Each structure stands twice: as C-alpha cells, then as structure tokens.
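Asker: Please work from the sequences and hints to get the whole structure.
2 protein chains.
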Amino acid sequence: MLDSCAMDADSPALGRLRQHYLFAGLAEADFRALVPHLTVGHLARKEVLFHRGDPAVGFYYVLTGQIELGFVAPNGEKKTLEVFGAGRTFAEAVTFMRRQLYPVTAQAVTDAQVVRIPNQAYVDLLYRDPDACMRLLADVCQHLHARVIEIERATVQNARTRLTAFILDEIEEVEQDAATIELALPKHVIASKLSIKPETLSRLLRVMASENLIVLNGARVNVPSVNGLKKSLHSSPA
Amino acid sequence: MLDSCAMDADSPALGRLRQHYLFAGLAEADFRALVPHLTVGHLARKEVLFHRGDPAVGFYYVLTGQIELGFVAPNGEKKTLEVFGAGRTFAEAVTFMRRQLYPVTAQAVTDAQVVRIPNQAYVDLLYRDPDACMRLLADVCQHLHARVIEIERATVQNARTRLTAFILDEIEEVEQDAATIELALPKHVIASKLSIKPETLSRLLRVMASENLIVLNGARVNVPSVNGLKKSLHSSPA
DNA sequence: ACACCGCCTTGACATAGGTCAAGGACAACA
DNA sequence: TGTTGTCCTTGACCTATGTCAAGGCGGTGT
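Respectively, the protein sequence lines represent chains U and W.
Numbering-wise, numbering that gives the first Met the number 0 puts 138 at position 139 of the first sequence, and it's gapless, one number per residue.
Numbering-wise, numbering that gives the first Met the number 0 puts 211 at position 212 of the second sequence, and it's gapless, one number per residue.
Hints in this document: simulated from the structure, not taken from any laboratory.
Be a bit skeptical, because a hint or two may be false.
Repeated chains share a single entry, so a pair holds when one copy, or any two copies, can fit it.
Unchecked claim - Dumping the calculated BS3-like pairs for lysine-lysine here, alpha-carbon to alpha-carbon at most 27 Å:
{"no.": "1", "residue 1": "45", "residue 2": "230"}
{"no.": "2", "residue 1": "77", "residue 2": "186"}
{"no.": "3", "residue 1": "229", "residue 2": "45"}
{"no.": "4", "residue 1": "230", "residue 2": "186"}
{"no.": "5", "residue 1": "230", "residue 2": "77"}
{"no.": "6", "residue 1": "77", "residue 2": "45"}
{"no.": "7", "residue 1": "229", "residue 2": "77"}
{"no.": "8", "residue 1": "45", "residue 2": "192"}
{"no.": "9", "residue 1": "196", "residue 2": "77"}
A quick note: this is a predicted structure, and the numbers were derived from the prediction, not measured.
Answerer: Spelled out as structure tokens, the structure:
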C-alpha cells in the first residue's frame, strides 16, 4: 500500500461502500462522519497489506482485486484461510480482540484497491447505533460459522471430499443439473485454501475427470451432473 | 436434559452466572428481568444437549461438569471442537447466525448442570445496553480467533506440534521452569480435540517421554523444563 | 472375589497425501 | 521469434498417521 490517500467525498467508491451491509443501515449523518476517516490503498499483486502480529489499525473493504488472508508456518509453508474479492470486508473482528494484533497476514492475490476503516471511528459509531451493532454481530458470527465449517473440513474430511465441497460451493447457477464454474483463483491458492498441495489438487481433478464427474477445460470446470457430484460424496465418505 | 426447571431467584447459581463477563456489566434491573427466562438443565454423562441442526433456542452457561462441542462425520467419526467447563458459556454466537440452527452438537463429557439463556431475552437486553453489545462482540471475536488458531494447528502443524502446543496451553503455573498438568479430560477426548487418534496420542506421549521432555504419571503430566519443551517445537517444526 | 466394561496401550501393517524432480503450457516481453 | 518466468502437471517414491487386532489395567456391580 505504497500510496494511501484520503477518500474523495464524492468518489463513486463511496457509494459502493455504502451498499455493504455493515454501512447500508447507517444514518446518513453517521456515515458522513465516518468518511473523513477513510483511506484508499493501492496494492500491487503479492504485496502485503498487513502481517500477522501487526497492530490492528482498522478493517478493510475491497474495491477491486482479491486479498488473501492466511498464515505462514515456521517452515515457510503457507496456508490461505480465505480470499476476499470486490465488495467484501475483512479483519473487522480484530477490532474487538483483546490484543489488537492482526492474527493473520493479508496479501494481494491480484493488484487491488482497498478502503481502510479505522477501528475507533467505527466503534464510536456502534455505540450510537444498536442496529449496526447487531449487524456486526451477525457478520462476525457468520465468519465464526465459516471457520467451524472449515475446521470440520480440515479434520474429518479427506482431500477429495474437500475439493468436491469446494466445487459445489463455487457453483452459481445450475441448468438441467449441469453447471460450469470459473476458477477465479490460481490453482495453487485453491490448493492452499483446501489445505492440500498443488500436486494433489492436480491429481484429484484428473481422477474426478476420469470418473466423468467433471470436465476440465483450463480454468473452467464443467459439472455435467451436479447431483451426480453430490452423490459422489456419499460413495467415498471419509 | 430430562428435567429442566426455572431458576430460583435466590439460587447461588445465579450469583455465579452474574459474575460471568457477559452478565457482570449488566444493570441490576436488566439482569433481574432476565432471570425469569433462565432455566437449569441436568445432563447425565454422554447425554446430548443439542444436536447439530437443531433450532437454536438459546445459549448456555456451565454450572458444573464439562460439555463438549463437536461434530460427527457421516462415517461416524467424531471430532471435538472444544470442551467447556464450569463458569464458561457456549453457543452464544448462534443467536446471530442467519439460520438459527446449532452448527455443532453439544454433549456432556461428565454429568453436568447448565443454565440456558434464551436468545430473545438476551438480544432484547443488548438493544438497551451498548456496553453489553461490545462485550459480546469481544467474546465472539475471541472465539473466532480461537478457531483461526485451531485451523492453523490442524492444517500447517503436525500431530506432535499440536500435542506440544496443547500441553503448553494446559500449563497453569511454572516453578523453576518445571510444571505439572492434570489432564482434565479422557485421553480419547484430548485426541479428538487434537484431531488425532487415541493410538497416535499414546505413541506421541511415549516418544516425548522417552526424550525426557515430559514425565508421564497417569492423568498427570510433568514437564521438567517448560523452555526445553518450547524449544522442541523448533527442532521438529513441520 | 470375580466378571465385566471402558479406556488405554502396543504392535504389525496400510495408505492418503506429501516430497522431489522433471518437464510442459502459456503469457509477457524484448 | 526467442527468452524468461510463472504456473501447472506427471511420475516415482516416502512418511506421518490411520487401521486393525490383541491385550492390559483399573473401577464397578454382584
């Protein structure tokens, strides 16, 4: 985030931020009061926004690009927790953690633009607006739920089941039981999200293709039968 | 929870609940208003308090005993997420999840008594008390952080590192670099928390004992050198 | 005192997934 | 058009951890 500058009060970005559920419900006056505190940052691909352990100055809204949250093991191995695209916020929960340190590292997967919302400004606002408080609670609890599901996947499911679940999650529209998804992320990032090695991902995809559960076509994956794919979860349950 | 009854307004259990950080800050009137909604439940060992997928009626405070939160894989395998002992609350986040369904199963590890706090009663209260809202946010974010750490452990650390981290976490007081911990849970539950099989836990403990990092004595584990144990994390980092 | 029953341990063996190493397919760029 | 770098794939092999099976040990009820 080499350059980071205050936001124009009439920036179109502001309108987009306003539509996010954490801001949409705010009174106009409250939102306006927040604006002068916001800053926009530009990140080059692979640039780190913050490291795990950095003091948490605020949370972020993604305007463009993708930001990856994850951590690195002492041995240098990297694990991606989640990737946030345009229109999503991240790190909002850190505001309320005892030690105000980011627990994960945020790195740009692609060139990206983010808006930073300083913690204090938002907390002030929450004190005035119980509804905003409730929405944030819902938001954080949603994240918590997502993490619980991830733990379940990482611990009681095998790699193939996780991959199948991932593909099913990615499906947006189904037409006559068929669907096509576009992998919006490099495969090694997907592998990391699934806690497997790229080699394993590659092999699993090939196996599933050989079973006609999916059709591979570069970054495009075709699922000829969504129900068939779902059923394949039961045949190899572990 | 075969019998579950309203709480006596002068029950000593009430005083203990009042000291929990989610209740300690409440105005006396607010707390009193809550009391008639509370119920106490008695659970026999292994009894299930709620199943994953049950509608979430409320959250719980543990008076006595231990309650385990976890899930079962389709193949019957069980994974323990966390165990809550006396004085802790659990499932408070479910209140704010979109679908109000418990995402995990709660089961008594030992005979136990719990207080149920109905969702609606508590939410009403939050609307009146922004500070209570903040405390709940802090609480939920703490859980979120704990889950992130657990994901890290489950994915980038190996079984031995997880066990070492667990032992270090359990240490309460250190005297001249030595400590003794009491395993408050059956070993198979510890194994499940660490996402390993009981056999593996048993073997790892034996190996660590043979390296003089720990001394085993039934449910008591002695750590002759806490720093030595910490250092052992670096020598086998993966 | 005995038999039973969880729970834990131990050994022999199996395997999912990781590691290492060698290309291959593109895209960016000169 | 060649060069380079990034990502992906594939094969051969390895290992941490799981699985299966057989006791052992301590508590409880009769």
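Asker: If you test the structure against every hint from before, which numbers come out violated?
Answerer: As far as the earlier hints go, 1, 3 are violated by this structure, in ascending order.
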